[in-house]
Amino acid sequence: MNNDNGMSLEARDLSRSYRRGSEQINALDQVSLTIRRGEFVSFMGPSGSGKTTLINLLGCLDNPSSGELRLTGKNIFGGGKKLDEKALTRIRREVFGYIFQSFYLIPTLTVRENVALPLAFYRKPGSEGEVDRLLKMLGMDHRMNHLPGQISGGEMQRVAIARALVNRPEILLADEPTGNLDTKRSGEIGEILQDLNKNVGLTIVMVTHNPGLARLGGRLVEMRDGQAYES
Amino acid sequence: MISRFQIAYKNLLRKKARTLLTLIGIMLSSWVLVSLLGFNRGYEHALNRDIDNMGYQLMVMAKGCPYEAATMMLQGGTGLRYIEQSMVDEIVKKPEVDKVTPILMQAFFDPDKGDGGGIAGYFGVEAATFPGMKPFFRFRQGGWFKDENAAEAVMGFEAAELEQREVGDMILVPEKNVKLKVVGILERTGTQDDGTIFVPLKRLQMISATDKITTIGIKVKKGADSTKLETALYLLPDVQVVSFTQVKQTIMKLIATARVMVLSIAIIALLIAMVGVINTILMSVLERLQEIGILKTMGAMPGDIFMLVWTETLILCSSGGIAGIALAFVFARLSDLLVRRVLPYAPGGELVAIDMKLALLTLAVIVAVGLLSGIYPAWKAGRVRPLESIRSE
Amino acid sequence: MKGMSCYRIVLATLLVFFVMAIPALAAVGCDLNDPDRDVARFFPDSSGYKTSYVSIDKRGGDTMLKRVEKRLGDRFHGIYETIDVPYTIYEIRKGTQKIGYIHGVNQKGAYGGIQVFVALDTTGRIRSFYIQKMTSQWAKKLRDPKFGRQFVGLTLTDFDSYDPASGKASGKLTEIRNPASEAEQDFRASLRALKKNLILMDEFVYSPEKGRP
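Chains as they are written, first to last, in this note's numbering: chain W, 1 to 231; chain L, 1 to 393; chain Y, 1 to 213.
Treat the hints with care, since some could be wrong.
As the list claims (entries may be wrong) - List time: in silico DSS-like cross-link candidates among lysine-lysine, alpha-carbon distance up to 27 Å:
#1 Lys-82(W) <-> Lys-380(L)
#2 Lys-98(Y) <-> Lys-168(Y)
#3 Lys-16(L) <-> Lys-63(L)
#4 Lys-86(W) <-> Lys-222(L)
#5 Lys-134(L) <-> Lys-222(L)
#6 Lys-176(L) <-> Lys-140(Y)
#7 Lys-124(W) <-> Lys-10(L)
#8 Lys-63(L) <-> Lys-212(L)
#9 Lys-141(Y) <-> Lys-179(L)
#10 Lys-202(L) <-> Lys-228(L)
#11 Lys-181(L) <-> Lys-141(Y)
#12 Lys-16(L) <-> Lys-380(L)
#13 Lys-181(L) <-> Lys-210(Y)
#14 Lys-136(W) <-> Lys-10(L)
#15 Lys-10(L) <-> Lys-86(W)
#16 Lys-63(L) <-> Lys-94(L)
#17 Lys-176(L) <-> Lys-210(Y)
#18 Lys-99(L) <-> Lys-222(L)
#19 Lys-93(L) <-> Lys-81(W)
#20 Lys-179(L) <-> Lys-140(Y)
What the hints assert, rightly or not - Non-contacting residues of chain L with respect to chain Y, defined by C-beta distances greater than 12 Å in every case (computed):
#21 Phe-5
#22 Lys-93
#23 Ala-128
#24 Phe-157
#25 Ile-185
#26 Leu-271
As the list claims (entries may be wrong) - Computed Cβ-Cβ distance ranges for the label pairs, DEER-style:
#27 Lys-50(Y) <-> Phe-331(L): 25 to 33 Å
#28 Met-356(L) <-> Lys-58(Y): 51 to 59 Å
#29 Asp-74(Y) <-> Leu-361(L): 21 to 29 Å
#30 Arg-138(L) <-> Gly-29(Y): 49 to 57 Å
#31 Ile-375(L) <-> Ile-25(W): 33 to 41 Å
#32 Thr-34(W) <-> Ile-375(L): 56 to 64 Å
#33 Leu-147(W) <-> Arg-341(L): 47 to 55 Å
#34 Asn-199(W) <-> Ile-375(L): 44 to 52 Å
#35 Glu-175(Y) <-> Ala-128(L): 36 to 44 Å
#36 Leu-271(L) <-> Leu-147(W): 33 to 41 Å
In case anyone wonders, no lab produced these hints; they're calculated from the structure.
Glycine residues also receive a C-beta, built at the ideal position from the N, C-alpha and C atoms.
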């Protein structure tokens, strides 16, 4: 799945619906788009617009009800094919890193241990030195022996970013990364993401309510009623 | 870097009180289990050792003797039943017999032993045959008498201590006012021999004005059919045969029910502790669903999560098990004392015998049962779907 | 052979009673056989008693031993008169008030151990003298209350002059009569035991009460 030059994530008529009681909810309705290597795509939209559902499908956290998803030309979802949890995990760990609104750091592990955590389960060749390098790059090397409870929200999100990048993913998926941060910290995280995209060349797919943050990326997609509208 | 073991271990530290309580539960049930298994083994060994220390495996006594023997020993009564010494010659001819030794048990009343008086027990034994039956005897001072007629005595450890006797001192046989010279004092044996005074058989017979004996001790040849010998001995007139194998079997039967009951309680305690383990680990999993989901986004396979949670169970059970076994080692003596208080018959030596082999076996049982208990929570954790768990805020 | 199994069980039970282990005892001390009876006998107005256990090695070690031997005028002998022998002190009470003590010591006699007990008041004066056990043809004479009455009212000071080695005495002790001339060895052993008893009570109880080391 590793393609240095022509990496792309292509969604074709992706749909996702589910039942809530007796009601059928169409969270995503035939969305098609392509994300290329090095792009910074932001998804905005009101609650229930389907932005989170889309990012979950793009990030292989879920199976679509219909439609296709291809990664660099190779079919991940499509033709009614459903992947089990093991298969999804294999794809996720090769390609994606994730950060979320709630950081989800392990409270009993230090900053350094949290960043190194993914390596306990899967280690991409060459990832060994990434822990210290990322901590330094993100300005968290002086806090590496602290526990999550001893650092600020902004610092926690930096740690989460470092953790998400330790296995050198192709794509970083960020679901409301500044949702729990104040303006100043949100700005800092935004700058970090921008820096990772511009200077490191990391492909970023982000969901946000924050218009300022959304404008940092080169591409904005608005979601409404399960459909995508690109500006 | 961080290993999976460290992740599991640190997870347990999240709720220290809960982890500690679960550990205590496992520790206590392990302590009970290993102590009881140690008792099961120790009691039988100690009993066998005591019976071996008898030196002889069979005793022939006059019929009706035990009741009178009890009376004699406890109250200094008369009417002791005797057997002819010539019976020794008959018994020694039997093919299964290795050695025999004639014994005369006599008791004399000492009016100056306490306010109501007390009895002093003497064993008349043959210098030629009795020591060979008791090769385990060790002397604190002196040795056996050589002359079958000598006015001498060998005293058990506690008999000597009570009378403040050393080798060379004199003792007085009450009622008869016969003086004997102490030639030997035995080391402690942990049996009734400690309170016994041994006198040459002929001398005691002379003092008691009898030529008879009360008991014949019989050592059976190795590999010989003891039951066949017993049956043959029963044919002798007016005698009762006592086999120490029977004594042991009787005692083992008496305590067998207690052993089974107590072992059942130990197993129930273990199962209760394991229910505690399931509860602890399951609660821990349910509290960490989101975190487990995140681990899966990082690349942890369902099997990885299963092993992570199972490792937590392993840490709990092995730590609790080791702590419980260590407690059992430390308090083995106390357990021994408690058991002695409770049991009607307690042989000498270690009653609660815990060695490394038993400890490791018990630990293996605890860990195995624990891992079995941990399967469900671990499986449940492995099945977590990241999306559902992350979204469940 | 009918009824054999029942008989065997009885037999086995009895043999177990005789043959099986008695709990191992520590170095032998000297206890009253029936403390309830004996306390009431020596202190008829008592309401209860407290039992405590002391030994020279735990209370004062070698220093105390040397002091006791000096006061006794004789060394501790043999394998039974040792520094770790436990001594039982019965502290007699009337209500909450202490009214006296009972204490016994073992002493080597001619043919066996002699257990010599003494009942004392709170000043250390002898109220009663009692030989609980003695092995001798003449034990009856030495255990006769008439013999014991000779010691009533005496204190440790009266024994200062008594030399156990030679049997020589002065002062009030010269009035003590041996009722059994045939048992001179046991008579002297009883006196030695009594002196040792009083010295130990002084060391364990009376001197500490007075604040002396």
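Tested hints:
1. This hinted pair checks out: Lys-82(W) and Lys-380(L) have alpha carbons roughly 22 Å apart, not beyond 27 Å.
2. A distance of roughly 35 Å separates the Cα atoms of Lys-98(Y) and Lys-168(Y); the hinted pair therefore is violated under the 27 Å criterion.
3. With a CA separation close to 69 Å, the supplied pair Lys-16(L) and Lys-63(L) exceeds the 27 Å bound.
4. Restraint check for Lys-86(W) and Lys-222(L): the C-alpha separation of about 67 Å exceeds 27 Å, so the hint is violated.
5. With a CA separation close to 16 Å, the supplied pair Lys-134(L) and Lys-222(L) stays within the 27 Å bound.
6. Restraint check: the Cα-Cα separation between Lys-176(L) and Lys-140(Y) comes to about 15 Å, which is no more than 27 Å; the hinted pair holds.
7. With a CA separation close to 25 Å, the supplied pair Lys-124(W) and Lys-10(L) stays within the 27 Å bound.
8. For the proposed pair Lys-63(L) and Lys-212(L), the alpha carbon gap of about 14 Å is at most 27 Å, so the pair holds.
9. A distance of roughly 19 Å separates the Cα atoms of Lys-141(Y) and Lys-179(L); the hinted pair therefore holds under the 27 Å criterion.
10. About 32 Å separates the Cα atoms of Lys-202(L) and Lys-228(L), which puts this hinted pair outside 27 Å; it is violated.
11. A hinted pair counts as satisfied when its Cα atoms are at most 27 Å apart, and Lys-181(L) with Lys-141(Y) qualifies at roughly 24 Å.
12. Between Lys-16(L) and Lys-380(L) the CA atoms are separated by roughly 23 Å; this keeps the pair inside 27 Å, and the hint holds.
13. A threshold of 27 Å between alpha carbons decides the hint, and for Lys-181(L) with Lys-210(Y) the separation of about 47 Å lies outside it, so the pair is violated.
14. About 25 Å separates the Cα atoms of Lys-136(W) and Lys-10(L), which keeps this hinted pair within 27 Å; it holds.
15. Of the pairs offered as hints, the one joining Lys-10(L) and Lys-86(W) holds, with about 26 Å between alpha carbons and a cut-off of 27 Å not exceeded.
16. Proposed proximity of Lys-63(L) and Lys-94(L) is supported: the alpha carbons are some 21 Å apart, at most 27 Å.
17. The hinted pair formed by Lys-176(L) and Lys-210(Y) fails the criterion: a straight-line CA distance of about 50 Å is larger than 27 Å.
18. Simply put, Lys-99(L) and Lys-222(L) have alpha-carbon atoms about 11 Å apart, close enough for the 27 Å limit, and the pair holds.
19. A threshold of 27 Å between alpha carbons decides the hint, and for Lys-93(L) with Lys-81(W) the separation of about 93 Å lies outside it, so the pair is violated.
20. About 18 Å separates the Cα atoms of Lys-179(L) and Lys-140(Y), which keeps this hinted pair within 27 Å; it holds.
21. Phe-5(L), annotated as away from the interface, keeps every beta carbon of chain Y farther than 12 Å; the closest lies near 47 Å.
22. Every C-beta of chain Y lies more than 12 Å from that of Lys-93(L), the closest at about 23 Å, which supports listing it as non-interface.
23. Every C-beta of chain Y lies more than 12 Å from that of Ala-128(L), the closest at about 23 Å, which supports listing it as non-interface.
24. At the 12 Å boundary, the C-beta of Phe-157(L) falls inside the reach of chain Y, the nearest C-beta of that chain being 9 Å off.
25. The Cβ of Ile-185(L) sits about 9 Å from the closest Cβ of chain Y, inside the 12 Å cut-off, so the non-interface label is violated.
26. Even its closest Cβ contact with chain Y, about 35 Å, leaves Leu-271(L) beyond 12 Å, as expected for a residue assigned away from the interface.
27. Range check, Lys-50(Y) to Phe-331(L): about 30 Å between beta-carbon atoms, so the 25 to 33 Å window is met.
28. Checking the proposed 51 to 59 Å range against Met-356(L) and Lys-58(Y) shows it is violated: the Cβ atoms sit about 36 Å from each other.
29. Checked against the hint of 21 to 29 Å, the C-beta distance between Asp-74(Y) and Leu-361(L) comes to roughly 58 Å, which is inconsistent with it.
30. Look at Arg-138(L) against Gly-29(Y): about 24 Å separates their beta carbons, and that is not inside 49 to 57 Å.
31. Taking 33 to 41 Å as the suggested C-beta distance range, the pair Ile-375(L) and Ile-25(W) conforms, at roughly 36 Å.
32. Separated by about 45 Å at the C-beta atoms, Thr-34(W) and Ile-375(L) break the suggested range of 56 to 64 Å.
33. The hinted window of 47 to 55 Å between Leu-147(W) and Arg-341(L) holds, with their beta carbons roughly 51 Å apart.
34. Asn-199(W) and Ile-375(L) have their C-beta atoms about 48 Å apart, which keeps the hinted 44 to 52 Å range intact.
35. Glu-175(Y) and Ala-128(L) have their C-beta atoms about 55 Å apart, which leaves the hinted 36 to 44 Å range violated.
36. Checked against the given bound of 33 to 41 Å, the beta carbons of Leu-271(L) and Leu-147(W), roughly 37 Å apart, stay inside it.
Hint compliance for this structure: hints 2, 3, 4, 10, 13, 17, 19, 24, 25, 28, 29, 30, 32 and 35 are broken, all remaining hints hold.
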